[in-house]
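Please arrange chains B, C, D, E, F, G, H, I and J on chain A, whose structure you already have, making use of the hints.
In order, the protein sequences belong to chains A, B, C, D, E, F, G, H, I and J. Read in order, the letters of the first sequence are residues 1 to 157 in the working numbering. Read in order, the letters of the second sequence are residues 158 to 314 in the working numbering. Read in order, the letters of the third sequence are residues 315 to 471 in the working numbering. Read in order, the letters of the fourth sequence are residues 472 to 628 in the working numbering. Read in order, the letters of the fifth sequence are residues 629 to 785 in the working numbering. Read in order, the letters of the sixth sequence are residues 786 to 942 in the working numbering. Read in order, the letters of the seventh sequence are residues 943 to 1099 in the working numbering. Read in order, the letters of the eighth sequence are residues 1100 to 1256 in the working numbering. Read in order, the letters of the ninth sequence are residues 1257 to 1413 in the working numbering. Read in order, the letters of the tenth sequence are residues 1414 to 1570 in the working numbering.
A hint or two may mislead.
To be verified - If you only want the chain I side, here are some residues facing chain G, beta carbon under 7 Å, derived:
no., residue
1, Thr1339
2, Lys1340
3, Val1341
4, Trp1342
Said to hold, decoys possible - Using C-beta positions, here's what the derived DEER-type ranges look like:
no., chain 1, residue 1, chain 2, residue 2, range
5, D, Pro624, A, Lys155, 49 to 55 Å
6, G, Val1077, I, Asp1325, 41 to 47 Å
7, F, Ala800, G, Pro1013, 57 to 63 Å
8, F, Ala800, G, Asp1075, 39 to 45 Å
Simulated from the structure, these hints should not be mistaken for lab results. Think of the CB as a built atom: it goes at the ideal place given N, C-alpha and C, for glycine as much as any other residue.
There are 10 protein chains.
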Amino acid sequence: MNMTKTSTDAPLSKADATALILAAKAAHGLTWEAIAEGIGMSPVWTTSAALGMNSMPLEKAQALVALLDLPAAVVPALVAFPTKVWDQAVPTDPAIYRLYEIVGVYGETLKEIIQEKFGDGIMSAIDFTMHVDKVEDPKGDRVKITMNGKFLPYKAW
Amino acid sequence: MNMTKTSTDAPLSKADATALILAAKAAHGLTWEAIAEGIGMSPVWTTSAALGMNSMPLEKAQALVALLDLPAAVVPALVAFPTKVWDQAVPTDPAIYRLYEIVGVYGETLKEIIQEKFGDGIMSAIDFTMHVDKVEDPKGDRVKITMNGKFLPYKAW
Amino acid sequence: MNMTKTSTDAPLSKADATALILAAKAAHGLTWEAIAEGIGMSPVWTTSAALGMNSMPLEKAQALVALLDLPAAVVPALVAFPTKVWDQAVPTDPAIYRLYEIVGVYGETLKEIIQEKFGDGIMSAIDFTMHVDKVEDPKGDRVKITMNGKFLPYKAW
Amino acid sequence: MNMTKTSTDAPLSKADATALILAAKAAHGLTWEAIAEGIGMSPVWTTSAALGMNSMPLEKAQALVALLDLPAAVVPALVAFPTKVWDQAVPTDPAIYRLYEIVGVYGETLKEIIQEKFGDGIMSAIDFTMHVDKVEDPKGDRVKITMNGKFLPYKAW
Amino acid sequence: MNMTKTSTDAPLSKADATALILAAKAAHGLTWEAIAEGIGMSPVWTTSAALGMNSMPLEKAQALVALLDLPAAVVPALVAFPTKVWDQAVPTDPAIYRLYEIVGVYGETLKEIIQEKFGDGIMSAIDFTMHVDKVEDPKGDRVKITMNGKFLPYKAW
Amino acid sequence: MNMTKTSTDAPLSKADATALILAAKAAHGLTWEAIAEGIGMSPVWTTSAALGMNSMPLEKAQALVALLDLPAAVVPALVAFPTKVWDQAVPTDPAIYRLYEIVGVYGETLKEIIQEKFGDGIMSAIDFTMHVDKVEDPKGDRVKITMNGKFLPYKAW
Amino acid sequence: MNMTKTSTDAPLSKADATALILAAKAAHGLTWEAIAEGIGMSPVWTTSAALGMNSMPLEKAQALVALLDLPAAVVPALVAFPTKVWDQAVPTDPAIYRLYEIVGVYGETLKEIIQEKFGDGIMSAIDFTMHVDKVEDPKGDRVKITMNGKFLPYKAW
Amino acid sequence: MNMTKTSTDAPLSKADATALILAAKAAHGLTWEAIAEGIGMSPVWTTSAALGMNSMPLEKAQALVALLDLPAAVVPALVAFPTKVWDQAVPTDPAIYRLYEIVGVYGETLKEIIQEKFGDGIMSAIDFTMHVDKVEDPKGDRVKITMNGKFLPYKAW
Amino acid sequence: MNMTKTSTDAPLSKADATALILAAKAAHGLTWEAIAEGIGMSPVWTTSAALGMNSMPLEKAQALVALLDLPAAVVPALVAFPTKVWDQAVPTDPAIYRLYEIVGVYGETLKEIIQEKFGDGIMSAIDFTMHVDKVEDPKGDRVKITMNGKFLPYKAW
Amino acid sequence: MNMTKTSTDAPLSKADATALILAAKAAHGLTWEAIAEGIGMSPVWTTSAALGMNSMPLEKAQALVALLDLPAAVVPALVAFPTKVWDQAVPTDPAIYRLYEIVGVYGETLKEIIQEKFGDGIMSAIDFTMHVDKVEDPKGDRVKITMNGKFLPYKAW
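Isolated chain A, as found in the complex (with noise of 0.2 Å):
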C-alpha cells in the first residue's frame, strides 16, 4: 500500500511507527531505558509500546514524538489500540525461547504455588505490570525478571 503512504494524511501504522522510533533511537544514541525515563514510564511497557505490543496515552506519545524528534504523525500510530500478534506458536529466537521454555518446564509449578496462595484463579496479564533488573555477580552477571499481575479469582454462578 505504497499509494497510502505517499497521500498526505495517511494514517501511520504501528509497525511504520516501530520502524521511525527504532531508526531515531539509533540516530539520538539512546538507549530504551533513557527513553522510558525521558517520557516518565517504565522501560518494559515503554519499548512494548514502541514495538506496537501495547498502546500509550496521548501525552506520553507526544512526550515520545518530542524526545526523538518524530514527525506527528506518530503519535496516533502509538496511542493506537493494537491488536497483538506473534508468528510463531513456538518462539525460535534463544532470548525469548527460553522463557517459552520456563512456561513449559514451570507452568503445571507456577499454577499449583498460585493456586495454593490464592484458590482457584489465574495472574492477570492486562493487569500487570514487569520489570528487569540487572544483578551484578563476579560469577556472571545475573538477569531478573519480576512480573506483578492482579489475581483473578473464577466466579461461580
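Below, chains B, C, D, E, F, G, H, I and J alone, put in the same frame as chain A:
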C-alpha cells in the same frame, strides 16, 4: 508395562512418584509451601521436582520421603534426571496460558531490554531460580513472580 | 494407574467424578437445569463444574453429591482446582465448531466494539458468567447465549 | 496488482474498502456505533461488514458510502459476498483469545445445555445476530455479549 | 474405566455400541443396505448412526436392536446425542481423502455457484441428507453421491 | 514480477487470467451459468477452470475469451495444466467449511457404503463430474449437489 | 475392548492379524519373499496386505493362513477392507523419510514429465503395482523400485 | 529486490532462472524430453535442475543456455547449489499427492522389503536416479516410474 | 496386546528390551560407558541401540545380554531392525532442544561450509558415527560432540 | 520498504547485509574459509554472522567490510544483535534435514551420555563453538563436525 510394576524390584517412574506425593500431600493436609519448608528448599523448586520437572539431590529426596511417609522406592524416582516433556505447544489452561501470552506479547521487549543491559546473549533457563509471592492489595491481591537467571553472552570464535 | 484406583483411599479424578455424575444423572432422569436448581446455581456453571472445567465450593459439591446419591469421594474431586485442557485447537463437533466459527468471523469486530466502548482492554473470561435461554419462535426456536465478563483495561507503568 | 488498481474500472477488493472506511472513520471522528446508527443497522453487523466479514445489501452500502464520503467504487466491494478467512487457528490477541478460551472451556457445556433444551442439533452461526452492551458496575464495568442463533435440529432420513 | 464397564448398570458408549453392531452385522451376514431397509431408514443415515455420528430416535434404535439381536443396553447408546470427533485434519484413507480433495479443489467453485443461485449464505450440513447410488457403466461402474442441504442465507441486523 | 508482465510476450499466469475473467464477468453482468452455457460446458467445471483449478481444452478457452472479450493471452493460461494448491488444511469460510464437515462426519459412512456396493476401492476425484441444483421448497430452498466419480478397485498383484 | 477379545467369537482386527503373522513369520524363519511366493503373489503386495494396508482375496488369505499355521480367525481379518491410516504427516524413520524426501524434491518434476507425456491427469495410486529389486554393484548394491500406475486424465464436463 | 535485478552484475536467483527457462521452453515449443536430449541428460534430472531442485555442472548449464537462447546470467544460477524447500508438508496437487499417498500406504512395506533384501539401512535419495516411462495399454496407458538408489547400511561403531 | 506378552514364545519389543536394560543397568550400577566397554563398542552407539534406535549385530546383543544377566529373549529384540520414531517435531527437553536449536541457528551455515569444502551434497546420517567427550575447564567443564559422516555427492543422470 | 533504502540514512537490515556479502563474495571469488581467515575468525562463526545468525564485534565487522569492499552501512547491520528465526520446524533441504534427523535419532542418547558424564544439565548452545573438517578417505571423504559447548548444571534452590 504392568508386568514391570508388579515385579518386586521394578523402578518407579517419576509419574508414579508424583501420584504418590500428591496423594500423601492431600492425606497429610500439607501445602507445597510447608513441604518445601520441611525439606529446606524453595516452594517453586520443590513443587517442580515433585511434579517430575527437576531432579532432587539424594538427601532432599530422602527428606521428602520421610516427611510424607512415602515408600523408599520414591527416592530414586525423585533423584532420576527428568526428560522434560509438555504436550501442548500452546497451553490451554488459563493460568498457564496467561504466562504463554506474556511471552508472546513481551518476548521481543524482554530481548531488547536484556540485550541493551547486558549485550548479545540470553537469560539462562538452567542456571535459574524463581519465586512466587502474594502482594496484598485492597483493590485485589497481586501475584508477584521473580525470575533470576544467569546472563549467557554469545561466543565468537 | 489402576493400582491407585483399587486402593481404598485413592483420590478420584475429575474425569472419574464426571463419569459418575453422568451415570447418576441418567439413572435419576434429571436434567442439568434440575440439577442446577437443586444446588442453587446456574445451569451453565453447574454443568461446567460437573464436566470438570470449574471447581465447586465445598457446600455446592456436597449438595450435588447428596442430590445424586454419589459416593463421598466425589466431593474432593469436584472441589479440586481443574487443569483445563482441550484437545482440538479447532473443534470438530458441529455444535462447538459454530461457536469457534463465531470467534473467527466476529473476533475482530467484537474487539473493535468492546474497545470503542471501554478503551484498550479485554473482556475477562475468568470474572465471567454465561447463560443459555430458549427463545420460542414460530419460524424455528432460537438459542440465546448471554456472556457477561468484567472489562479489564491494560495497565501502563 | 497495482496495475489493476490504477486502471479506471478496476474493482476494489474488500480489504481496500476496509482501509478506506477506517481512514474515513478516523477523519470524520465517528464511532462504529454512530456509523451503524447512521445506516440504520446494528453496530456488530455494521462493523463486521466494514471489516469484510459480511456483505451489505445495496442500499446499506450506498448509505455507508454517503455517510463517510467514500468513492462510489466502495459500494460493490461492500456488496460482494465475502470469503471469510482467518489466519490463526488459535488467535493471539488477548481480546480475541479470551473468546476462543470461552469456547474451549465452555464448549461442551454449551452443547449439553443447548441439546438438553432443544434436542440434538446446533445453534446456527448463519441465521445469527449478536449485540454488545456496556453494563456499568462500581466494581468495574462489564461487557455483555448477547448471541441469538436459530436452533437447527439434525435430520434423520 | 474398566471398573465402570464391569458394573451391572454401566452405560454403553457409542463406540461400544458400534463394536457390537459391527460384530452382529458380520454374524448375521447383513449389509448396511439391508439393515437400513429393516428399520425403514436410508443406508447413509443408518450407517452414520451405527458408526456413532448421528443419534437415533428411540423407535429406530429399538428396531435396530431387535433386527440384530443386540442387548437392550445398546438402545440408549444409539439414542444419545453424539459428540462428533475426527482425528485427522487431513484424512489419510484414500477413499476418504478423495472426498477431502474434492472440497479442496472445488470448494471455491461450489461457493461461487451456490451463492450465485441463492445469494450470500451456505448449504446446511445439519438440515441435510445424502444418498449413494451405483451407476452401472460398461467402461467401469460409477459412484453417484447426492447431497441435499437447506440453503441458509446470512442475516443482516 | 511486474517486469515480466509489462514485456510483450510474457505468459499470463492462471491467477492473472482469473482476475481478468472476474472483472469481465462483472463488467458484462454475466453469471457463471450463462458463461458455461455460452461455451457449452457445465457451470461447475467452467467455474473451476476459470478459478484455475482445471485446464480448458483449446477451443473452450477460445470460446471463453471470445465471449468475455478477453485478451488472447488468456487462452494459454486457461489451457495450461494447473498445480492445485489450497492454503488451509481446514477451510475457514463457512460455505466451504460445511463441505469439509460433511467429509469429517460422513467420510467413514461413505467409505462403508461405497465399499459395500462396489468392493474395496475408491470413488475417483479425477474421472469425476459434479452438478449443483436449486430445489425450491416452501420451507426454504435447498441445495442439491450431485457427484459422479468412477469406481476404482484396488489392484492385487 | 478386552471384553470383546476374550469372547469366543470376537472378530480379530487387522492389527491382531499382523501381530500373529509377524510372530509366525519369525517362528518359521520365512522371508516376505518366500511367503509371497508361497501364496503366488508379489512380495510388495503380500507384505502390505500382511501389514494391514490392503485386503486379501479369500483364497489368498486362506493360503497365507495355511502356509503360516495361523488360526482361522485370521482369514476374515485379512479379507476385511482396511482403513488406511498413518500417524505422521512427515515420517521420521530414515528409510521411509527418504521416500518422502523424493516426493518433496521431485514431485513437481514428476508432475511435469507425466503431464508432458500423457496430458493433464495423474498416475493412479489405486490401479497401481510396485516391485523392489536388488541391483548388485561393486561400488555398493542398489535398490530399484518400480511403480506402475494407470494414467487417469482429468475429465471436462 | 527489483533494484538488484536492474543492476548490471546482479546474480540471478534459481527462481528467476526457472521463470526464464519456462518462458523460453514455451516460446521454442520444446518438451522437457527434447531439452534433456539436447543437453545429453535424462528428462527427470534435467527438469529437476531447471525447476531449481538440482545444480547443473557448468557444461550442462552452458548447453541449456545455448539450446534455449537464454542470457548468460542463467548459467551461474543453474550451477549454484540449491536449498531445497517445499512449502506443504502434505502436498495438495492431486498428481503429487498420489506419490505422497504411496509413501504413506507402502512406506512400511518398502522398509520391510528393502531391509529383508539388504539388511538394516536405507535407499539413498542423494546417490539416486529416476526415470518415467509411458507404457501403452489398450485398457488405458500406464505410468512407470523407476527409482534407483544406492543402499546405505547403518554403521555400528 | 497383553495376550501376546503372556504367551510363552511372544517376541519382546524393542521398548520391552529397553525397559529391561535400564532396570538391569540400575541394578548392576553400571554406566553406559562401562556397558559399551563391556561389549567392545562406543558409548553413543551402544546407548542408541539399547534405547531402540539402532539394531545390534547378533554377537553384540549376546554380549550385552550376558553382561547384564538379561533373559535370552532380549537378543532378538536388540537384533531387530528398528523403526525410528520421535513424537515431537520440536523437542521440549532442554538438553535435546539445544541440539535442535543448533540445527536451526547453524543449519544453513553448515550447509554452506560443507558444500564449499565438498561440492553439492550432504553429510550422511546413516554412514555416520558420533562421540561425546568431557573437556575439563576451570571456568566450567565443556561437552565436546564429534560427528563423522560420509559425504554423499548428488548424482546427475 | 524501497523508500527506506533509497533514503540516505536508512539503516540496512541483516538480510540486506547478507545479500551484499554474498554478491561481493561471488564477485571476489572468495570462499568462506578465506573470508574467515581474512578477518581472523573461524569459518563457521564467520559464515553464521554473515548469514545474519550472529552479531559481529565492531572491529570484525569493519574488517569484513574492508576485505569485501562493502559500503560502510554494512557495519552496523553486522554489529546488530540478531533475532534468530527459522521458518520450518522440520527443515526440508536434505543437507540440513540430516542434522535434524541426527537430533531425532540420537537426542535421547546424547542426553543420557552427557548427563552420565556431567550430572543433570545441558550443553549450552550459547557458550558454544563449532568447526567443520574434511577427512579424506579413499572410500569417500567424510565430514567431521565438532561441537563444543559449556556444560550448564540445573540449579536447585
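### Query
Does the interface hint hold: is Val1341(I) within less than 7 Å of chain G, judged Cβ to Cβ?
Result: holds, 5 Å to nearest chain G Cβ.
### Outcome of range test on Cβ distance (Ala800(F), Pro1013(G); 57 to 63 Å)
Hint holds: Cβ distance 59 Å, inside 57 to 63 Å.
### Message
Verify the CB-CB distance for Pro624(D) and Lys155(A) against the hinted window 49 to 55 Å.
### Response
violated, 33 Å
### Task
Given the range 39 to 45 Å, decide if the beta-carbon distance of Ala800(F) to Asp1075(G) lies inside it.
holds, 43 Å
### Query
Holds or violated: is the Cβ of Thr1339(I) closer than 7 Å to a Cβ in chain G?
holds, 5 Å
### Query
Can we keep the Trp1342(I) interface hint, with Cβ of chain G closer than 7 Å?
With a minimum Cβ separation of about 5 Å from chain G (threshold 7 Å), the hint on Trp1342(I) holds.
#### Entry: Restraint check, 7 Å cut-off on beta carbons, for Lys1340(I) near chain G
holds, 5 Å
#### Entry: C-beta pair Val1077(G), Asp1325(I): status relative to the range 41 to 47 Å that was hinted
With a Cβ separation near 44 Å, Val1077(G) and Asp1325(I) satisfy 41 to 47 Å, so the hint holds.
Hint 5 alone, counting from the list given before, is not met by this structure.
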